[in-house]
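We have chain A already, so just place chains B, C and D on it with the hints.
Sequence lines, in order, name chains A, B, C and D. When you line the first sequence up against this note's numbering, it's residues 1 to 383, in that order. When you line the second sequence up against this note's numbering, it's residues 1 to 383, in that order. When you line the third sequence up against this note's numbering, it's residues 1 to 328, in that order. When you line the fourth sequence up against this note's numbering, it's residues 1 to 328, in that order.
Just so you know, these hints were derived from the structure itself, not from any lab. Every residue gets a Cβ at the ideal spot worked out from N, C-alpha and C, and that includes glycine. There could be a bad hint or two in this list.
BS3-like, lysine-lysine: derived pairs with alpha carbons at most 27 Å apart [what the hints assert, rightly or not]:
id : chain 1 : residue 1 : chain 2 : residue 2
1  : B       : K266      : A       : K266
2  : D       : K196      : B       : K179
3  : C       : K196      : A       : K179
Sample of chain B residues lacking proximity to chain D, with all beta carbon distances greater than 10 Å (derived) [stated by the list, open to error]:
id : residue
4  : Q155
5  : P194
6  : V196
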Amino acid sequence: MDLEYTPEQNAFRAEVRAWMEAHVPKTPLKTLEGREGYDQHVEWERELASGNWGMVTWPEAYGGRGLDLIRWLIFEEEYYRAGAPLRANQNGIFLLGPTIMEYGTDEQKARFLTPMAKGEVIWAQAWSEPNAGSDMAAIRSRAVRDGDHYVISGQKTWSSRAAFADWCFGIFRTDSESKRHKGLSFILLPLDSPGVTIRPIRQLHGETGFAEIFFDEVRVPVENRIAGEGEGWNVAMATAGFERGLMLRSPARFQAAAKRLVALYKEHAATASPAAHEAVLQAWMDAEAYALNTYSVAATVIAGGHIGAEASLNKIFWSELDRAAHRAAMSLLGATAELRTLPDGAANIWQEGYIFSLSGPIYAGSNEIQRNIIAERLLGLPR
Amino acid sequence: MDLEYTPEQNAFRAEVRAWMEAHVPKTPLKTLEGREGYDQHVEWERELASGNWGMVTWPEAYGGRGLDLIRWLIFEEEYYRAGAPLRANQNGIFLLGPTIMEYGTDEQKARFLTPMAKGEVIWAQAWSEPNAGSDMAAIRSRAVRDGDHYVISGQKTWSSRAAFADWCFGIFRTDSESKRHKGLSFILLPLDSPGVTIRPIRQLHGETGFAEIFFDEVRVPVENRIAGEGEGWNVAMATAGFERGLMLRSPARFQAAAKRLVALYKEHAATASPAAHEAVLQAWMDAEAYALNTYSVAATVIAGGHIGAEASLNKIFWSELDRAAHRAAMSLLGATAELRTLPDGAANIWQEGYIFSLSGPIYAGSNEIQRNIIAERLLGLPR
Amino acid sequence: MDFRFTEDQLNLREAIRDYLTGEHTPEVLRRLDVEGGRDAAIWDGLIGMGIGGLLVPEAEGGLGMGLIEAAIVAVELGRANVSEPIADTALVATPLLGSDQRAAIAAGALKVALAHPINPWIADLDSADMVLAGEAALPAPEDPAPVDTVDPLRRLFAPIECAADDRLLDRAALIAAAQLIGGAERMLELATDYAKTREQFGQPIGSFQAIKHHLATVAVKLEFARPVLWRAAYAAQQRAARTPIHISHAKVAATDAAMLAAETAIQVHGAMGYTYEVDLHFWMKRAWALAGAWGDRAWHQRRIEAAVIGGGMAIGPETTFASELNHG
Amino acid sequence: MDFRFTEDQLNLREAIRDYLTGEHTPEVLRRLDVEGGRDAAIWDGLIGMGIGGLLVPEAEGGLGMGLIEAAIVAVELGRANVSEPIADTALVATPLLGSDQRAAIAAGALKVALAHPINPWIADLDSADMVLAGEAALPAPEDPAPVDTVDPLRRLFAPIECAADDRLLDRAALIAAAQLIGGAERMLELATDYAKTREQFGQPIGSFQAIKHHLATVAVKLEFARPVLWRAAYAAQQRAARTPIHISHAKVAATDAAMLAAETAIQVHGAMGYTYEVDLHFWMKRAWALAGAWGDRAWHQRRIEAAVIGGGMAIGPETTFASELNHG
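Bound conformation, chain A alone (with noise of 0.2 Å):
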């Protein structure tokens, strides 16, 4: 065990904390979720192409840099120190990327992987539908083989970034007879294809950055599948694991929240309940042992380890933390909670947290889904 960073790592904090003052935009961009904002952010993942900050993780060959995971984290907390932008990259970097590294061929690594490590195309997922969401293996939508290409109908929803994305990645069923989990295939494609309509929807907070995607007879070349066909299944899953793994909430997001908390707390102290007050103390102390567990994972990983179901312990500690902490500010403000723009023209960022918050332990595999998976793979109880 040794829990300081080397010279090295500390070296590449520097570079990273330097790069970042001098590129990250002055001025908050606007929201992701609106078409204003998601241009701004788009250009911002130019920016960091060009500093080749996009996609640190990935390796050279790709448009990356090839850091191992401790330099990952320490990119993000300085990434969150320098209060820099959300990714709209996030679907490219996280769950695309790593599955064409992992299943694709040399000419879809080349196609893909390059453009999407440039910022030049923006990643939209397809993979719930209105009657499989927790229930993934429901999946209807269907590509029918026709030649050369697919022929896709049916419908995906609460796809981020659809409403603005170039591609969006999914899966389909490939054999009409098939059932669960079986027969499907994973498949790209342009957003602008012909017969694809796209519905945005409205969240919680007003926005509308997910989508519903209608495909009605779309038709794709057979080389935009990835892996074998029905194999769709098994390269759905390891995506899926990628996205509650680790890097889906990188732990400096959620220091950097405890200490705004903190600071919060102190304008509140005179009037916070005492449930408030020990929300915040424990806000912290969950910030700081989610960063702990997340260097130790990382430590496990770089030397060969493999994350399987501890992912969903990940899970469920940030996205339950992430609630109270928020739910916490919601109380120190008061009756001011409910603003939507404080008096002084600023957003009430505590309120889109909050409101953002509860999505955590929704998506991406409910905490119901992760909590069985905790008991069934990690506990070894019964189905």
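Chains B, C and D alone, transformed into the frame defined by chain A:
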């Protein structure tokens, strides 16, 4: 809605208060879970009976006072206010007595109710079996008909009072071919019958108030059966309904505990955690809420209403508030919490109470079972 | 000692619930969300039912009812998520005004906004004819400055400086608590209904124990918040000495029930709950708003603490209803 | 930056776990519970494995290990619910004593009890040869007055007045936290094993979602308490400036994990958990005892609060490990 006590109710309160002040033992009795304390508690039952305070809600014909539930609540408030002892007769008052009144023959009523009301016969439960705890229908102990007797063999467990009590009541399988809820009968028998062996169970606190009862071909006359042969499940469910219901835990108990907790908090306020501070306030509010709800349900019952699955709401609320209140007390006590005997020689009632409170969410139908009942019967969710 | 509602009270509840179920549907909420403004038909309908005159003496043409009835109505307004200023005007302001004003309220001809230093903002100042501020009744200002709140049907404005009127505060907190209870009931129903119909893994999600237990926990919380509300309403009506503590308890219990119902309901709805596709968000946002209005949870908890821990208030079972035996 | 244990550390853990699994069985706990006293064979066995000399320099014949290894051992002592005074003597007292005393401890010939004003009682004073009190080492008193604790295998005695030694407090709190983590792990295992075998309604209770989710919640709590412990042990070993805060965090996290594990384990065991029939109660009672020892949760939380909220301690992601970049 009229939330004032009537002059008659106030006069009744004054009467109870005066009697209790004159009769409640000045020195606390020893624990009901040990032999010496048990005898003291039986003595107290007889003292209560001498003042006709033993079975206040029973009809006068059976040795009670025929009080309605509001007066029962007032009686309980004064009982706890006076610091009167636990009731050795609990099983008789709330479980067996009402069952015999509803299902017993006239002869059974005459034979069993009066000695029960006078504290002459103390009753133990014989419900659960080693493999039939939450799942009561899994009962295996059998009662084989042999002329005008049943011959009982099997094992019961978690029998409160059985270590010292005189008689027990329980359900036994009278149809050996039957399964689950069918073929069971409700039977009463003396614990000194030949073939009965009692094995005390040592509990968390080291005392042995619960016991296992082993039946080895115990002969019991058929007239000791309540209701028809094979009707045991329905009778038992009615009994369990009483148990889970309004009278299992009187609100005065929790209000008295909340009052003591507030006093404890005042002593320890300077070193209390915010969590304990919050829990103390919540315990006071919850004890009030529990009392109010009980008065509210009592009014409905007095007016002819029925308590069904609502009893499960009650069971969850009191058991979880009791545990939370005692958990807070343990936290306030800090290092002293682990002591069983305090430096001044007094018993650590908070630790005793915490240990006792851990049984609340388990017994009389675990809180998991209660939540199922609420979801399925009150909210109408599918099984 | 009888906690039951009278026949008249039950009839009142049924009448207003029937009316609002029929007329103040989620479609109305959606329309108002898009169009902005208020729905004159709902205001007129409630006035037509006599709600404007609920607290106006019968001698003055009102229904001559009291705060228990006002709270009954407020629960229903919360269940239906009514946003008309009828609660503030008819259920809070009326008893603090003169007989002419009361008559105007009963007739639906006067809308009152409420100012109190505990609230940093004033609701419905744009549609108000007058403002009750401290003990003064002022004309409503022209063009008040709007404030941007999360609740799409709530209209808030910059405050007016005024003195604190504790009667106003307590009464408004009671009515807010009642609305929160109504909202919590509705959120539990919305989530339960969704759990019965939404299928995953080949069965309704409501058949999974995790979902059952989430919802059962909300049912417990609500069950034990309701009688706290009714005791507070009763105490307020009787002007009992402990009324402020009872109202504070009601506001805390109602807030906790509503916040738990909201977080549970969205979790049960899953991703659908996170959208405008289902109706849940209207109630959730109203809960967030009312949680902070008329004294937030911490404020009311402090008032309880001051009495129970700090002060010499007698506590314990004999004082639940502060009966004569203890105060005689 | 590498959180992994070394091969040596993993071997140490495995060796002590194997030994205790084989020798310090629940049957030993039951025997000691009935007979009272201590088990000399376990003391000798642990001394024989070198635990007495774990923190004694190699030059003095010890293993020359540090606080990470001490915490590794303490977790195992907690898992097995060892009651011998080996933790206080070998893992806490050793570094505060002279070389002769250290050698005696390594040889198993000296048992040390620990006095500190934060504890109202002293553990194992009856079997101790000496008492570390403040910075003084005193002979153990004859016939110390026993105190009656809930933990049947714990022996407490009336205190000795002494000054506070913060090094002793921090080290002992760290070792107590490690034992709590070990106990929590064991309680989760006991409950999980029970849930796999106990059947109700025709299936193992562990197949019910409610039981699964209870146990999963404990697994999450434990998973995120462990690295907090290891950071504290590392910081203590490095004598880092933030060590006291890190140790307080570890004590809070370990206490919370153990208390949750205990309440969950008894609930999963149902009525069986409430008895001496199963082994759970030994660990549950030890958790209640260690929760209050060497600073209870509230005391350690206050120390954190003083630094994080009250003081000027830098907080945030760059300070998790207090790297040179921020302190250089």
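Provide an ascending list of the numbers of those earlier hints which the structure does not satisfy. Failing hints: none at all.
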